[in-house]
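Going left to right, the sequence shown walks through residues 39 to 216 as my numbering numbers them.
Quick caveat, the hints were computed from the structure, so don't treat them as lab data.
Beta carbons: idealized from backbone N, C-alpha and C, even for Gly.
Some hints here could point you the wrong way.
[To be verified] Simulated pairs of lysine to aspartate or glutamate, EDC-like, Cα-Cα distance not exceeding 20 Å:
1. K165 <-> D120
2. K165 <-> D191
3. K165 <-> E131
[To be verified] The calculated label-pair distances, taken between Cβ atoms and stated as ranges, are:
4. R189 <-> A54: 18 to 24 Å
5. T123 <-> R189: 40 to 46 Å
6. E164 <-> S96: 23 to 29 Å
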Amino acid sequence: MSEPQTVALRLVPAEADVVAYAREVGAALRQHGMVCATAESCTGGLVGHLITETSGSSDYFAGGAIVYSYAAKERVLGVDHDTLTTLGAVSAEVAQQMARGARELYQADVAVSVTGVAGPGGGSAEKPVGTVFIHVSAADGYEAGRRFQWRADRSGNKLLSAVAALQMIAAYLETLPD
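Sequences are here, hints too, so could you generate the full structure?
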């Protein structure tokens, strides 16, 4: 896991720019003949929303699960109860299990998960507001997870997390042959 990234509020992109970027990621998924899925907690479906802003996105987007509660993470995605109660929902291990669960649930080639503390409340000394874990899991065995530390308001933290999730899908696609 790499070191947390800190991003200032002034770097929050405009949603129109993010939709354009999501369109590019979708085109890359289509080019590789791949289908993706999402598992979202703190972003509340924003990653899936951005992907589906493009007509024809059903060619490369299978679906997304918004799993805010522990119970939903367990029931919908098969996240381990002991992992949740020991490490908490905001952890690398839970992010990995969420991504794997979404990939299996939607029978997708690749899935991305987002779990974190969007704010303004809910943070702790160990996991302050803006702490987010994102994980990508692919059917070919690729696994990549990162921790981010955003410094924006709730909406900004959600948007930054969604952009990072799209970037992590793109990074995976760049590892594939053309």
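For this session: Note whether the CB distance of E164 and S96 lies within 23 to 29 Å or breaks it.
Result: Since E164 and S96 have Cβ atoms about 40 Å apart, the given range 23 to 29 Å is violated.
Problem set entry | Satisfaction of hint between E131 and K165, Cα-Cα up to 20 Å | 14 Å, holds
For this session: With 18 to 24 Å as the target window, see if R189 and A54 comply at their CB atoms.
Result: With a Cβ separation near 23 Å, R189 and A54 satisfy 18 to 24 Å, so the hint holds.
Problem set entry | 20 Å limit on alpha-carbon distance, applied to hinted pair K165 and D120 | With Cα atoms ~19 Å apart, K165 and D120 stay inside 20 Å; holds.
Exercise. Keeping to a limit of 20 Å between CA atoms, is the pair of K165 and D191 held or broken?
Worked result: OK: K165 and D191 at ~16 Å, within 20 Å.
Exercise. How does the Cβ-Cβ distance of T123 and R189 compare with 40 to 46 Å: does it lie in that range?
Worked result: Because 29 Å falls outside the window, the suggested range is violated.
Of the numbered hints given earlier, the model fails hints 5, 6; all others are met.
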